Amino acid sequence: MTRAELLRPELLRVEGITKAYPGVVANSDVSFSIGEGEIHALLGENGAGKSTLVKMIYGLVRPDSGTMTLRGAAYQPGKPAEARRLGVAMVFQHFSLFEALNVAENVALGMEKPPPMRELAAKIRAVSEEYGLPLDPSRMVGDLSAGERQRVEIIRCLLQDPKLLIMDEPTSVLTPQEVEILFKTLRQLSREGTAILYISHKLEEIKALCDEATILRRGRVVATCTPRERTAREMAELMVGQALKAPERRPGAKGEVALGVSDLSVNSPIPFGTSLKAVSFTVAKGEVLGIAGVAGNGQDELLLALSGELKSAADKVRIAGQPVGDLGPTERRRAGLVAAPEDRYGHAAAPDMSLVENAFLTAGVRKGLTKHGFIDWGATRAFAEEIIAGYDVRTPGPDVAARALSGGNLQKFLMGRELMQGASVIVINQPTWGVDAAAAAQIRQQVLDRAGEGAAVVVISQDLDELLEVADSFAVLNEGRLTRPRPTEGLTMDEIGLMMGGAHGMEVAHHVA
Amino acid sequence: MLRLEKRPTPSKFWLYATPPVAVILTMIAGGILFALMGTNPFEVIRTIFWDPLFGEFAFYLRGQLLVKAGPLILIAIGLALGFRAGIWNIGAEGQYIIGAIFGAAVGLAVFPTESRWIFPVMIVAGAFGGWVWAMIPAILKTRFNTNEILVSLMLVYVAETILAKASTGFLKNPEGMGFPGSRNFSSYPAAQNAFLYEPLGLHWGGVAALVTAVLAYILLTRHQAGFQIRLAGQAPRAARFHGVSPARLVVLCMGLSGALAGLAGMFEVTGPAGQISIDFNTGYGFTAIIVAFLGRLNPLGIVLAGFILALTYVGGEMASTSLGLPDAAIQVFQGMLLFFLLAVDVLTNYRFRLAVGAH
Numbered sequence: 000m001t002r003a004e005l006l007r008p009e010l011l012r013v014e015g016i017t018k019a020y021p022g023v024v025a026n027s028d029v030s031f032s033i034g035e036g037e038i039h040a041l042l043g044e045n046g047a048g049k050s051t052l053v054k055m056i057y058g059l060v061r062p063d064s065g066t067m068t069l070r071g072a073a074y075q076p077g078k079p080a081e082a083r084r085l086g087v088a089m090v091f092q093h094f095s096l097f098e099a100l101n102v103a104e105n106v107a108l109g110m111e112k113p114p115p116m117r118e119l120a121a122k123i124r125a126v127s128e129e130y131g132l133p134l135d136p137s138r139m140v141g142d143l144s145a146g147e148r149q150r151v152e153i154i155r156c157l158l159q160d161p162k163l164l165i166m167d168e169p170t171s172v173l174t175p176q177e178v179e180i181l182f183k184t185l186r187q188l189s190r191e192g193t194a195i196l197y198i199s200h201k202l203e204e205i206k207a208l209c210d211e212a213t214i215l216r217r218g219r220v221v222a223t224c225t226p227r228e229r230t231a232r233e234m235a236e237l238m239v240g241q242a243l244k245a246p247e248r249r250p251g252a253k254g255e256v257a258l259g260v261s262d263l264s265v266n267s268p269i270p271f272g273t274s275l276k277a278v279s280f281t282v283a284k285g286e287v288l289g290i291a292g293v294a295g296n297g298q299d300e301l302l303l304a305l306s307g308e309l310k311s312a313a314d315k316v317r318i319a320g321q322p323v324g325d326l327g328p329t330e331r332r333r334a335g336l337v338a339a340p341e342d343r344y345g346h347a348a349a350p351d352m353s354l355v356e357n358a359f360l361t362a363g364v365r366k367g368l369t370k371h372g373f374i375d376w377g378a379t380r381a382f383a384e385e386i387i388a389g390y391d392v393r394t395p396g397p398d399v400a401a402r403a404l405s406g407g408n409l410q411k412f413l414m415g416r417e418l419m420q421g422a423s424v425i426v427i428n429q430p431t432w433g434v435d436a437a438a439a440a441q442i443r444q445q446v447l448d449r450a451g452e453g454a455a456v457v458v459i460s461q462d463l464d465e466l467l468e469v470a471d472s473f474a475v476l477n478e479g480r481l482t483r484p485r486p487t488e489g490l491t492m493d494e495i496g497l498m499m500g501g502a503h504g505m506e507v508a509h510h511v512a
Numbered sequence: 000m001l002r003l004e005k006r007p008t009p010s011k012f013w014l015y016a017t018p019p020v021a022v023i024l025t026m027i028a029g030g031i032l033f034a035l036m037g038t039n040p041f042e043v044i045r046t047i048f049w050d051p052l053f054g055e056f057a058f059y060l061r062g063q064l065l066v067k068a069g070p071l072i073l074i075a076i077g078l079a080l081g082f083r084a085g086i087w088n089i090g091a092e093g094q095y096i097i098g099a100i101f102g103a104a105v106g107l108a109v110f111p112t113e114s115r116w117i118f119p120v121m122i123v124a125g126a127f128g129g130w131v132w133a134m135i136p137a138i139l140k141t142r143f144n145t146n147e148i149l150v151s152l153m154l155v156y157v158a159e160t161i162l163a164k165a166s167t168g169f170l171k172n173p174e175g176m177g178f179p180g181s182r183n184f185s186s187y188p189a190a191q192n193a194f195l196y197e198p199l200g201l202h203w204g205g206v207a208a209l210v211t212a213v214l215a216y217i218l219l220t221r222h223q224a225g226f227q228i229r230l231a232g233q234a235p236r237a238a239r240f241h242g243v244s245p246a247r248l249v250v251l252c253m254g255l256s257g258a259l260a261g262l263a264g265m266f267e268v269t270g271p272a273g274q275i276s277i278d279f280n281t282g283y284g285f286t287a288i289i290v291a292f293l294g295r296l297n298p299l300g301i302v303l304a305g306f307i308l309a310l311t312y313v314g315g316e317m318a319s320t321s322l323g324l325p326d327a328a329i330q331v332f333q334g335m336l337l338f339f340l341l342a343v344d345v346l347t348n349y350r351f352r353l354a355v356g357a358h
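Chains Y and P, in that order, are what the protein sequence lines are.
Here the first sequence is numbered in numbering that gives the first Met the number 0, starting from 0 and rising by one per residue.
Here the second sequence is numbered in numbering that gives the first Met the number 0, starting from 0 and rising by one per residue.
In silico lysine to any residue, SDA-like type, Cα no more than 20 Å apart, as pairs: (1) P:Lys-5 with Y:Tyr-344; (2) Y:Lys-370 with P:Gln-223; (3) Y:Lys-366 with P:Gln-227; (4) P:Lys-11 with Y:Ala-400; (5) P:Lys-5 with Y:Asp-351; (6) P:Lys-5 with Y:Val-23; (7) P:Lys-5 with Y:Gly-345; (8) P:Lys-11 with Y:Pro-350; (9) Y:Lys-310 with P:Thr-141; (10) P:Lys-5 with Y:Ala-400; (11) P:Lys-5 with Y:Tyr-20; (12) P:Lys-164 with P:Met-176; (13) P:Lys-5 with Y:Ser-405; (14) Y:Lys-366 with P:Ala-224; (15) P:Lys-11 with Y:Asp-398; (16) Y:Lys-366 with P:His-222; (17) Y:Lys-310 with P:Ala-246; (18) Y:Lys-370 with P:Tyr-216; (19) Y:Lys-310 with P:Pro-235; (20) P:Lys-5 with Y:Ala-403; (21) Y:Lys-370 with P:Ala-224; (22) Y:Lys-370 with P:Gln-227; (23) Y:Lys-370 with P:Ile-217; (24) Y:Lys-366 with P:Gln-223; (25) P:Lys-5 with Y:Ala-19; (26) P:Lys-11 with Y:Asp-351; (27) Y:Lys-370 with P:His-222; (28) P:Lys-11 with Y:Thr-394; (29) P:Lys-11 with Y:Ala-403; (30) P:Lys-5 with Y:Pro-350.
Rather than coming from a laboratory, the hints here were simulated on the basis of the structure.
Nothing here was measured: the structure is a model prediction, and the numbers come from that model.
Could you put the whole structure together from the sequences, leaning on the hints where they help?
Quick look at the structure:
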C-alpha cells in the first residue's frame with residue numbers, strides 16, 4: 000500500500016478484467032484501483048491495451064470477465080450514458096465536434112436534456128473561468144485551434160460534475176504552454192476530489208502530473224509505481240520490456256544545399272485544410288531539418304507540396320539547384336526526392352494491394368522496376384523482400400495485403416521503402432506515429448544513417464522529443480507559416496513553445512486566476 | 000444474431016465462387032418467376048441454358064453464341080478498365096451507336112468502292128466515333144467536374160436520336176424505295192464484315208474481342224498503366240502519390256472504353272446487323288455492364304461471362320419463340336444475374352459472424 004492509497008478513499012476498483020478480440024487478447028487479468036482525487040496514469044505502448052481498458056470503464060466495450068466496483072458498488076456500464084450518469088466522463092483523443100456549430104451548441108448536443116441556450120452559455124462561461132480554460136460559447140468550433148477544441152470537450156465533461164475523468168492522450172495536440180495550463184486545471188480538479196485517469200506514453204508528463212501509474216504491456220499489468228520516484232528511463236523499460244538504445248548520430252560534414260524551398264504559398268486541397276504561406280527553408284546534404292507544430296497547421300500540405308502532389312511555380316522548390324516546383328511525384332523521384340506521407344492506409348499505401356505492389360508504388364522509378372512501361376514483378380518482389388528483411392517487418396510474406404499488417408509493421412515497411420531507394424532528399428511526415436518504442440528507435444536510427452550518408456532529410460513530426468533527438472535544425476509550422484530554422488542545439492522547451500505560437504491566449508487567464 | 004465482418008484479406012474462394020453461385024441463384028429465382036408466369040420452369044431453364052449448346056438446333060445456335068458474345072466482350076473489357084479505376088462509363092450503348100454510324104458512314108461515302116483498304120479505314124472510323132462520344136463526358140468531368148455516369152447515360156438517348164436521323168436521313172439508302180435504313184453491307188463486299196468461319200460464328204469482331212481480352216489482361220497485370228488503373232480505383236490518394244494524374248486517367252479510360260464500344264458497333268453494323276436502321280442497337284452496351292461484373296472485371300473472366308450472357312440472349316430468343324415467353328422476362332432474368340452477383344460479392348470482402356454476447 001502506498002501513501003496515496005492510504006490517504007484516499009477508493010473510487011474505482013478494476014479486478015481481473017479480460018477482453019479478447021478475434022486473434023488478440025487486448026486485456027488479460029487486469030487489476031488496479033484509483034482513489035478519489037487521484038491522478039492515475041495508464042502507461043503503455045501502442046497496442047498495450049490502454050484504449051480497450053478505458054473503453055470498458057466508459058461503457059463502450061464489455062469485458063469478457065472480471066469485475067469493476069465504483070465507490071464499493073458493482074459497476075457494469077452497458078453504454079456511455081450509463082457511465083456518465085454514475086459520474087464517469089471521458090475526453091477522447093479524437094474530438095467529436097461539429098465544425099459548423101458554435102461551442103454551446105456542440106456542448107448541448109452531448110447532453111440528454113440540454114438547458115436553454117442562454118443558461119447553458121452562462122454555465123459554460125462560469126465553468127471555463129473557474130478552471131482557467133477561457134472559452135467563448137458563441138464561437139464557431141471550425142475557427143478554434145486544436146487546444147481550444149479540447150477545452151470544449153473538457154468543459155462538456157465538467158458540466159456533468161464527474162467523479163472520474165478519463166483523458167486519452169490529451170497533450171498530443173497541445174503546445175508546451177498549453178500542456179502546462181491543462182495540468183494546472185487537472186491539478187485543481189484533483190484537489191476538489193475528481194479522480195483523473197490519464198492515458199499517455201509521454202513519461203516526463205506523467206512524472207510531472209501523476210500520483211500513481213499502472214503500466215501495461217501486451218494487455219497485462221506489468222508494474223505499478225509512483226512516477227515521481229522513478230526515472231523516465233526505468234518506466235520506459237518497464238513499458239517496452241527491454242533496454243532501450245538511444246540513436247547514434249554520426250557527425251557528418253554538412254554539404255551544399257540539396258533541397259531549397261523559397262516563398263512557397265499553395266492553397267490547401269483539403270477541406271478545412273491550412274494553406275501554406277510563404278514557406279522558405281533550405282536543407283543541406285547530411286542535414287536533418289525537424290519541423291514541429293500542432294496537427295493541422297499545414298503539415299499535410301507541406302508534404303504534398305514537396306512530394307509533387309501539389310504543384311507550384313517551378314522555382315519555388317529546387318532539388319540540388321534544379322527547379323522542380325512544377326513537376327509531379329514521378330519526376331521529383333527521378334530528381335532524387337522521396338516522400339513518406341503520414342496517412343498509411345490509403346495515401347502512403349494502397350490497403351488492398353500486396354506489399355509487392357505497394358513496393359512498386361513509389362520505388363518503380365528509382366529502382367528501375369519498369370522496362371518500356373512493363374513492370375518487372377520479379378525485381379519488385381525482390382525489393383519488397385529486401386525491405387521486409389532489412390526493417391524487420393512481421394508478415395507472412397510479401398504477397399499479403401497491406402491492410403493485413405498492423406500499423407507499426409506497415410510503417411516499418413513504408414519507411415524501408417523510401418529509405419532504401421538511395422534518394423538525395425528524404426521528406427517524412429510522422430515517421431514513428433503508432434510505432435512501438437523499439438521500432439521507433441530503429442526508424443530514427445535509419446533516418447540518421449541516411450543523413451550520415453549525405454541525404455538531406457526533412458522530418459515533420461508532432462513529437463518534440465523525436466525531433467530533438469534526430470534534427471540538426473528546427474523550425475515550427477504554425478497556421479501555414481514556417482518559422483526560420485534554428486540549430487537544435489541549445490534550444491529550450493520554452494523557446495520551442497514560443498515558436499509554436501504560445502498558448503493561444505491562455506496565459507492571461509491563469510495570470511488573472 | 001448474424002453480423003457482417005470485414006475480412007482481413009479478400010477471400011480467394013469467394014472471388015472465384017461468386018459468378019457460378021450467382022448464376023445458380025438466378026436460375027432458381029428465375030425458375031420461380033417463370034413458374035409464377037405459368038410456364039414449366041425446368042423447360043425454360045433447359046431452353047435457355049441447354050438447348051443452344053446441345054439441343055436440336057445447336058448446330059446453328061452455337062454459331063450465334065460468338066456473334067452475340069463478341070460485341071459484349073469487346074464492350075465489357077473497355078468498361079471493366081474504367082470500372083477498375085473508379086470511372087463509371089454507363090453510356091457504352093451510345094458509343095456503340097456512334098461508332099456504328101461513323102464506321103458505316105465512311106464506307107457508304109465511297110460506295111461502291113472495291114478498295115481493300117476501305118474496311119480497315121472503317122474500323123478506325125468506328126473506334127474514333129466511339130472515342131469521340133466518350134470524350135464528351137470525359138472532358139466535362141475533368142473540366143467541370145460533372146458526373147460521368149449521368150452524362151454518358153444521357154448521351155445514349157442523344158445517340159439514339161442521331162441514329163434515327165441517320166437511318167431516315169443522311170445515311171438512308173437512296174435505292175431503298177423510301178424505307179428507313181441505310182444500304183445493306185451484305186451487298187457491298189469490300190466494306191462487309193463477313194464471317195471468317197461460319198459454323199463458329201467467327202467474324203472480325205470476334206477476333207478483335209478475343210485479342211483485346213488477352214491484351215487487356217497483359218495491360219492490367221504487367222503494364223504500369225494497368226497498375227495505375229487498379230491503384231486509382233482502390234486508393235485514389237495513393238494513386239496521386241504514385242504520380243497518376245486523375246484527369247489523364249479519366250481521359251484514358253473513357254477513351255479506351257468508348258473506342259472499344261465504337262469498334263463493336265462498327266463490326267455489328269457491317270456484319271450481323273447489315274445496315275444502319277432505327278432499331279439497330281439491341282442493348283449490348285447495357286448488358287456489357289453485367290458481363291463486366293460477372294467476369295469480375297477481369298478480361299479473361301469477361302470472355303467467359305460474355306458467353307454466358309450470349310447464352311441468355313440466344314436461349315431467351317428461343318424461349319420467346321417456342322414457349323411464348325415475353326422478351327421482358329429475359330431482361331428481368333439478366334437483371335437478376337447482376338443483382339445476385341453484387342449480393343454474393345459481399346462475401347469476397349466480408350464474412351458472416353455469429354455475434355455472441357454483444358448486442
